[in-house]
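So the chains spell out like this:
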Amino acid sequence: MSNRNYLNANYNVWSWFFTTDHKRVAILYLISITVFFLVGGAAAVLFRLELMTPEGDLVLPETYNRLFTLHGIVMIFFFLIPAVPAVFGNFLLPMMIGARDLAFPKLNLASWYLYSLSGLFGVWVILTGGVDTGWTFYTPYSTTYGNTSVLSAAIAAFIAGFSSILTALNFLVTTHTMRAPGMTWFRLPLFVWAHYAMSLVVLLGTPVLAIAIALVGIERAFHVGIFDPKLGGDPLLFQHLFWFYSHPAVYIMVLPAMGVISELITCFARKKIFGYTFIAFSSLAIAVLGFLVWGHHMFVSGQSMYAGFVFSFLSMLVAVPSAVKVFNWTATLYKGSVIWNTPMLYALGFIGLFTMGGLTGLFLATLGVDVHVHDTYFVVAHFHYIMVGGSLMAYLGALHFWWPKMTGRLYPEGWGRISAILIFFGFNLTFFPQFVLGYLGMPRRYHVYPEEWQILNVMSSAGASILGVGYLLPLGYLVWSLRYGRRSGKNPWRASGLEWEAESPPITHNFHKTPIVTGDVYDYDPTEPVELETEKHPEKVTVQ
Amino acid sequence: MDSTFQLFPESASQIADRVDALYLFLVAVALFFTFLICVLILYFGVKYRRGSLAERGNPPRSNLLELAWAVVPFLLSMVMFVWGADVFYDIKTPPADALQIDVVGKQWMWKVHHPGGQSEINQLHVPLGRPVRLRMVSEDVIHSFYIPAFRVKQDVLPGYYTQMWFQPDRAGTYHLFCAEYCGTEHAQMIGSVIVLEQDAFADWLSGETGDPPEVAGARLFERHRCGSCHKAQGGSGPSLAGVFGRRVPLKSGESIVADEQYLRSSILNPQQHIVAGFQPLMPSYQGQLNESDVLKIIAYMKTLEGNASASGEDTGDGNDQPPETEN
Chain A
1 MSNRNYLNAN
11 YNVWSWFFTT
21 DHKRVAILYL
31 ISITVFFLVG
41 GAAAVLFRLE
51 LMTPEGDLVL
61 PETYNRLFTL
71 HGIVMIFFFL
81 IPAVPAVFGN
91 FLLPMMIGAR
101 DLAFPKLNLA
111 SWYLYSLSGL
121 FGVWVILTGG
131 VDTGWTFYTP
141 YSTTYGNTSV
151 LSAAIAAFIA
161 GFSSILTALN
171 FLVTTHTMRA
181 PGMTWFRLPL
191 FVWAHYAMSL
201 VVLLGTPVLA
211 IAIALVGIER
221 AFHVGIFDPK
231 LGGDPLLFQH
241 LFWFYSHPAV
251 YIMVLPAMGV
261 ISELITCFAR
271 KKIFGYTFIA
281 FSSLAIAVLG
291 FLVWGHHMFV
301 SGQSMYAGFV
311 FSFLSMLVAV
321 PSAVKVFNWT
331 ATLYKGSVIW
341 NTPMLYALGF
351 IGLFTMGGLT
361 GLFLATLGVD
371 VHVHDTYFVV
381 AHFHYIMVGG
391 SLMAYLGALH
401 FWWPKMTGRL
411 YPEGWGRISA
421 ILIFFGFNLT
431 FFPQFVLGYL
441 GMPRRYHVYP
451 EEWQILNVMS
461 SAGASILGVG
471 YLLPLGYLVW
481 SLRYGRRSGK
491 NPWRASGLEW
501 EAESPPITHN
511 FHKTPIVTGD
521 VYDYDPTEPV
531 ELETEKHPEK
541 VTVQ
Chain B
1 MDSTFQLFPE
11 SASQIADRVD
21 ALYLFLVAVA
31 LFFTFLICVL
41 ILYFGVKYRR
51 GSLAERGNPP
61 RSNLLELAWA
71 VVPFLLSMVM
81 FVWGADVFYD
91 IKTPPADALQ
101 IDVVGKQWMW
111 KVHHPGGQSE
121 INQLHVPLGR
131 PVRLRMVSED
141 VIHSFYIPAF
151 RVKQDVLPGY
161 YTQMWFQPDR
171 AGTYHLFCAE
181 YCGTEHAQMI
191 GSVIVLEQDA
201 FADWLSGETG
211 DPPEVAGARL
221 FERHRCGSCH
231 KAQGGSGPSL
241 AGVFGRRVPL
251 KSGESIVADE
261 QYLRSSILNP
271 QQHIVAGFQP
281 LMPSYQGQLN
291 ESDVLKIIAY
301 MKTLEGNASA
311 SGEDTGDGND
321 QPPETEN
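Protein sequence lines correspond, in order, to chains A and B.
Here the first sequence stands for residues 1 to 544, numbered as in our numbering.
Here the second sequence stands for residues 1 to 327, numbered as in our numbering.
Next up, chain A with everything else stripped away, as it sits in the complex (with noise of 0.2 Å):
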């Protein structure tokens, strides 16, 4: 059988800048993600050590509010929006349904520039021009009061919006038309069904955000009166135009998640995944609902009691299918042969995260709670389960459970586990301390506090250490792995699905021919024993 591979098929660095190929144009992606990743660790290292203390001791007020700035700007839309879609989706959703590419591979490059330039754009911008508007860009603080840089900052915005458009329509339109024959709709791995119904948020949603910062533009260039008061605006527009595209946007982020865990619960529990209908068609629900639900963001703004009482109501709803798929998750392991490696305590350690988000996003929705923990740690906190133990987690278990199939080689099992537990542990302690700081009334986005609050947040700023060394780690050993690996076979783990019949890595076509589904999705009989190639000793791994 020949080597070649979409890898080393050409070594040419402008076979790289010009590929269309959809596991290269992954690989970029997950070179930059990585890299805004590393900038927004880094700002929050700076603000976490400046919260040990309760002066102002380390950085000045206007440092502290663009560090805050930078994180959520480059967290947001440089890493949490791109990382699961942009790396795993491109590289799998056209090799999970059987096709050779996505329907747009030249789209899909320019995604690809379009996301890289504006995020560049974004930090210069930021560290620069001084930024200090949150990732939220309220008015009429961003449009009269901040300078002039942040316009630029949400043009960066725009344009990554725009990336992220032409991922979606992409994934929309590869899984409509470039199915394998036999691969009908209910036999798509839930990790499609899960981009398809983000890739539907992210088409309705994102121009939404796109006029929003065009309408800022055009407030400051032309002094037309829209969102400031006093030149006849009103405030809270922008609020409005903001969360309809930035509650839907936590779905962006969570959704091809959860597609994430779908996989890896049902591969690792070696048994079917349970009430598979009822997941995808949460996914659904999900998509759906999010768009109607931005108003629970402003229950304090001054919106009517009686718009509260509706955002409130619907907001629970949410609940529902987010509920349904953390108890088929649960489900899927009962009666399996649960297999305790790197990638399942990661998706295990979602699903406890995610359920403590979730329940957590109710306090939130509770309209005579949220009066008080609005705008404080409380949120802070909450949010971070869902992005950070949700769709943060489910990305690391990702890349640890399809990093054979990307670069053919093997990562350290032990190290992986250790790592695994490390962000498990550090996450808790960072994050939850902060929930109780958030109910004592530590307000969002201060660089001082009262002192009695120093306690919980030293203990937040340790558990960031331990989740900052726990993120270190893999970034370490998978580099390692590349070249001192051992290499992986088709199908590492014993798992269903296109993409392990294809070989690790695979080659540029994808497949030697196109595959023709006979079976069901998620073919697991826990019954029978299995043996994972990391488990195997080195001599007996047979190369293919």
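Read the hints as simulated data drawn from the structure, not as lab findings.
Glycine included, each C-beta is placed from N, C-alpha and C at the ideal position.
Certain hints may be false.
[As the list claims (entries may be wrong)] Computed footprint of chain A on chain B, listed as stretches where at least three residues anywhere in the stretch have a Cβ under 8 Å from a Cβ of chain A:
id, stretch
1, 30-42
2, 142-154
3, 157-170
Following the hints, complete the assembly by docking chain B onto the known chain A.
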């Protein structure tokens, strides 16, 4: 505000205990489900670990089970919704006899104006056991008035009056924070709320000086020569006699109730609503009058008695609430 380690905030208002009860209910639900999921994961994960002797297999799908774990979360979330909405309604609905105090937020300080003319900065003195209603507006960006010990918070907007209320039920000094990010010194836009026994509050009021807002407002009205156009009859501007609370016909054919919001925008954005029968001659007073001045002029305008008046109330801390401001 002692500096020892805390896990639960002190409570000092009539609503705080109800918010805490609801919160503890939510904590109980959250703990129950978190433990349920974690225990199930660990139990299944250990019992059905690969190589164990447990019985395995693919159980048939169960629509009843799926239905159960959709319906139970739904019902629980509806309990949260109704309970939360009930508390919220009371947080948002001040009693008619509340003492009204004005709050003006600006980068990065809070100005407080009492109905007797006393003013303070970054401090708010309130009497124990009496409902207090704050009418709030911002000079610049959005701020948020937050008193954790009272469990209440309300954004303070530029251009629109918002309100919040509370009834302190424990004397003491409590944190006051700005909760909406407002720029460089956001974390320093803090202060304290001082709850005094009624006698001590009266003493404190009498120790402070300042003209009542309607008196200061009359002076501003005079200085800016408002009366040269707004005559009782035949002026180039509409008469202001008895204007507060009256329905005003507009040039556009619509009509609008002259509440505080309307009066404010008529002073600062006079072109927004032109009264029927008048020309758009009035200049904007933006930049000449700050929000505190506007509040004083409105207080003065409320004292202007006149025919067709719909407002018979007294000034200051009375029942002169406008319809709720909804933005």
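Taking the hints in turn, this is what the structure says about them:
1. Counting residues of the stretch 30-42 of chain B whose CB lies closer than 8 Å to any CB of chain A gives 7, which reaches the minimum of 3, so the coverage claim holds.
2. For the stretch 142-154 of chain B, the assignment as covered by chain A holds, since 9 residues bring a beta-carbon within under 8 Å of that chain's beta-carbons and 3 suffice.
3. With a cut-off of 8 Å between beta carbons, the stretch 157-170 of chain B has 5 residues touching chain A; three or more are needed, and the interface restraint holds.
Violated hints: none; the structure is consistent with every hint.
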